[in-house]
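K.L.:
Residue numbers (our numbering), protein chains in the order written: chain A, 1 to 709; chain B, 1 to 557.
Worth flagging that the hints you see were computed from the coordinates, not collected in a lab. Any given hint could be a false lead.
[Claimed, not checked] Under the rule of at most 16 Å between Cα atoms (straight-line distance), these lysine to aspartate or glutamate pairs were calculated in the EDC-like manner:
#1 LYS608/A - GLU66/A
#2 LYS153/B - GLU80/B
#3 LYS430/B - GLU450/B
#4 LYS86/A - ASP21/A
#5 LYS608/A - ASP490/A
#6 LYS159/B - GLU80/B
#7 LYS430/B - GLU158/A
#8 LYS690/A - ASP676/A
#9 LYS201/B - ASP384/A
#10 LYS375/B - GLU594/A
#11 LYS541/A - GLU517/A
#12 LYS541/A - ASP556/A
#13 LYS201/B - GLU111/B
#14 LYS541/A - ASP516/A
#15 LYS510/B - ASP372/B
#16 LYS159/B - ASP85/B
#17 LYS201/B - GLU446/A
#18 LYS378/B - ASP175/B
#19 LYS430/B - GLU100/A
#20 LYS375/B - ASP502/A
#21 LYS162/B - GLU589/A
#22 LYS626/A - ASP384/A
#23 LYS281/A - GLU552/A
#24 LYS430/B - GLU517/A
#25 LYS153/B - GLU166/B
#26 LYS375/B - ASP134/A
#27 LYS690/A - GLU468/A
Keep in mind it's a predicted model, so treat the numbers as computed, not measured.
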Amino acid sequence: MGARIGIDVGGTFTDFILTRDDAPPILHKVLSTPADPSIAVVAGLAELASMAGPARDAGAFVASIETIVHGTTVATNATLTGTGAKSALLTTAGVRDALEMRRGIREEQYNNEYTNVRPLVPRYLRAGIRGRLDRSGREIEPLSLADVDEAIARFRREGVEAVSVCFMHSYANPAHEAAAAERVRAAMPEAFLTVSSTLLPSIRFYERVSTTALNSYVGPKLNRYVERLVARLAEAGFRGTLLIMQSNGGVMAPEVARASPALTLLSGPAGGPGAGLFYAKALGRDRAITTDMGGTSFEASVAVGAPLLVNDGEVARHKIALPMLDIHTIGAGGGSIGWLDPGGMLRMGPQSAGADPGPACYGKGGALPASTDANLVLGYLDPDYFAGGRMRLSVEAAREAIRTHIAEPMGMSVEDAAAGMFRVVCNNMAQGVREVTIKRGWDPREFPFVAAGGAGPIHSCQICNELEIPLQIVPRESSVLCAMGMLLSDLQHDFVRTFVADLATLDWARLAGLVDEMVAEGDRQLAAERIPPARRRFAVKLDCRYVKQYHEVGVDVPREAIRAGDSAAVAQGLHREHNRLYGYSLEHENAPVEVINVRVQAIGAVDKPRHPEEDWSDADPASARKGSRDAYVPEEGAFRSVPVYDGHRLRFGQRIAGPAIIEEVTTSVVLTGGWDAIVDRYGSFVLHRKGREDLVAAVSGARSKEVTA
Amino acid sequence: MKIDPILLSVYARTFKSITDEMSISMEQTTRSPILCEAKDFVTGLYDAEGRMLEQTENLPILAFSLAPVCKHIRATFGDEIYPGDVIFHNDVFSLGNQNNDVAVFKPVFFEGRLAAWTAVKGHQADIGGAVAGGYNPNATEVWQEALRIPAVKVVEKGKLRKDVWELIFANIRFDIVRHDMQAQIGACTIGERRFVELLAKHGREHYEAHRDALFDATRRMMEAEIAKIPNGRYSGEGRVFYDGRHEGSAFTIRVDIDVGDRTIRFDYSRTDPQTNGFVNGTFTSSASATILTLLQMINPDIPHNEGMVLPVEIVIPEGTILNASYPKATTFGNHLCPPNADAIQRALAPALPGRVTAGWNNLLCSLTTGIDPGKNDKYVDIGFMGLKGGSGAMRGTDGYDHIGMIDASGGLLDQDYEMFELQTPHLLVKHEYLPDSAGPGQWRGGLGVETVFRIGSDDTQMVTFGDGDVEPAFGLFGGGEGTLNFIRLTYPDGRTVVPRNKDLITGVPKGTLYHQQAGGGGGYGDPKLRDRDVLREEVRNGVVSPAAARDHYGLAG
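In isolation and in its complexed conformation, chain A is listed as follows:
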């Protein structure tokens, strides 16, 4: 197998991992270029070429790449920061506020200061269009093209960049949406367009209109990005396969992402949970808390046996009904800006300095103090060895920003202010971890904590101190964990169609036809993605419920059962799944069952990179020591001189006692006072609380296995 590259384009950094059969993985990181993120991608590839071997010509290197898989947080960041496209909505007359009402929910019922989320489309750009279908898809009022045209004229005057079309019952009959969409295409050819019956032809108006509007909101930004990326890669000589990471943990072709940008809302972090579990399994554990702290956001997820998926996710309180991994995101990253709220309390984020201008210490004009500035002042980062020394950080600029905006207003020293910023941002992240663990009844102390992202291992000891987690894994690929996970993912496409029918009177021929159609669609897609037929798999699920329930249960149904019209198999599946999930079924009541949606999952298996293993080293780690510097030790609440190690020279079996700093080109591991570390056979750092060597027995166990073998 040839070269495979995972590229994770984040808000602040663009991460690379190169895997080949005949060489260890190469990690690389370049500053993102938010104005056109594809610039960083191509620049990074050129740099990777020079790292991949002596005197490699960049063009020849790029031409030799078999596959590039990449994830992007372009869509996520646009949603979280409210900087998506100026969007408009064509919807059924009389229900134009559904998007903003969000069914009238206030998530915090006892909190009268809790306000509604800003709508993705402002009310004056939500146009009610006359024309109506009933619940069976029958037209009861023709579509008013005059209304559509009038709305389009207004959208054009207002400079709208993206248009969504979502009419009542379009899942049952897409004709009105198609006709309106045609007018939009003709009059606004430049505008990004999302048609709900194409993106998500399933019942439930609010979920569909929200998902549709999200798709439009992030569409122009994501499209511009993918377009430029494809062009630049072609220009650089890339002839292999480009795949995009999607929210469900699978990958897809760029054309799919361009039509359905909402599938990338979790693209960046989606590689993480699978990769985190991969490293936990290397320690003989079947579960992991995987965290990833980049420049802008912090993600936390839990895997128990496998990463957990949801069908009714949310991004920034907007519903998204496309299947996605259950990843909790908060606005905390290296670029998170520190500020004082009206009560004089120190807060961190969610506003981020990003890459441009970036934290004050980047010296690119940023004057506000960011988390990275605090890390520099605390001695966690070496101003001369940031990104391997390719970027010099200004300690004075960092101190100045913290002094002006935090230390002086709070009447404290710059060092104390920096320590406060560090503590607050770590506490924010610990709360984020609580959301996916304690709040769901998991005790975080029973999980290995996988710390990833460039800024992650700087903070992970402090986060684990707060959560009393005794075991951490900082993978060798920590700074590019999601990029690594992308290379471990298969192609995966989820299709859904609403098909409302009583199981007892179901038209099996029609259902089988629909399933065949959906499978054919998946087959075409996988073929277009150059997946050989032998590697294509299809799984069918029916969303079923007992008649008059409101929520469905996904039931796996073999295609043979559908062809055979085996209603008993479907009913049995529902009883079983209902019982597993909710503790009872209505099997003995003979309660009638209805089908609401059909889902087809098309999977195209790809080759996975092999993970090379290192030989055990008995050498004294002192040989990897670079020196020492003053750094803040939170357990002691004071600065002191701590040893600094070159992570690239540490080998399987070597141990480091905290406090210490382990530096690599793409990350720093800050081992605070209460922690020790050992390097495992993959070159990952396994950190354990002092006195808990028992937790890392598996690491040295791997050595004895080798010896006996």
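Fit chain B to the supplied structure of chain A, relying on the hints for placement.
P.N.:
Chain B in isolation, oriented as in the chain A frame:
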């Protein structure tokens, strides 16, 4: 035993995750839209003595509806509580809050001893009585409203008492109630499993020590919140219009609040006497209303357990409209929460001007039943989407648009429009924000909504219940009032009917246009001081008309 502060928080969060998980199970498995869509249910975990460990109150009005019943059940059965028992209860004269809210309790045993209770109380689509759905504006006695279920074992030692089960459901109209009660038992079972797992991990003694520490910590938090309210006596009133029987009748709720250093006492002794209709509260429903209103004025992160209610004393004499005596009708009792909350907000406004809100829109609801001609099957619809008006503004924050009455506070979800049309024969014509409905103010009230649908069944029956069509949500500190509620039916022959706020309309023909407005919440502070940029944006978005911007807010141009 030594208390581990991290474990204490793990316990607290685990209790919460158990009741949340029970709640998700209910939401996903129940069939009546009142339960699965509007989430009119509460799930809870109680210790062996019936003290609240945690609750998931999808509707705040259920905040205090289970713990008193749990204690009552404990006392009723004494030693005759066994593993595998399931107990039903709805009786309003033994601490139930509303006839339709039927509770399921399941004892949790650990190592052979009673360790805790799991419970779910949900609003049933029907509970017998004279009128389908339970809202009988003509009722004067409980038997005209509902089947009374005092604490009754339907399952004993894991064995279903079929005779009891059949007796209950022989008195209830709809089959879905049978299934929904099964879903409630299922949710209790899920909670039971999780709680036993928790005990198995840490042991009973460890749990009990941490439970007590949790109660203490919560009580101290609550006391600290009360300490922020200046000591003194504060009084306020709220008004109720029409008891369903006596045209033009009106009643006043009067509260005297005594705030001490660490205690707060709500005394309703001066409240008007009970009515001879169904507009009467029960002690539990009225006390829930008091507690939820108080909880909105303090730190919202306070855990909901026994420690929270210890510093709060509530006095509601029997025979008042908030605590009817046997055997009065009480189905409307939960809906006395809005005027009760009004009385409390008005009373505490001078003491807590930064925490109280202006008046919230009161509910006016309709319940429609008939035969869906497309399916030849009976349907029931409660018009949740139509009843949800705006909340009152507070200092620094506008009211929340289309949130619904304070007893739900945004926990009551609209029917999904497409599901509404799939499950009823109606056609939705309009459901949008109602411009100019919000009470003006420096911070405006929440917007109300307008709902129009075409009725799709013949001989349709409609029950209305609610208020807010006589007196609008009040403004505070210079803020203006919200708009009023109304419901109007326009028959195919052009005739219009405006139901009273508690009414029963029968024989509504297919093709009738149903029109409803839910009003906005009250404003806070002088509208002339409202942020001009925000106001201009609202004018552009059409939620404030140019005329209102000029007349109420003084916006030039």
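K.L.:
Check each numbered hint against the structure and report the violated ones by number, ascending.
P.N.:
4, 7, 9, 23, 24
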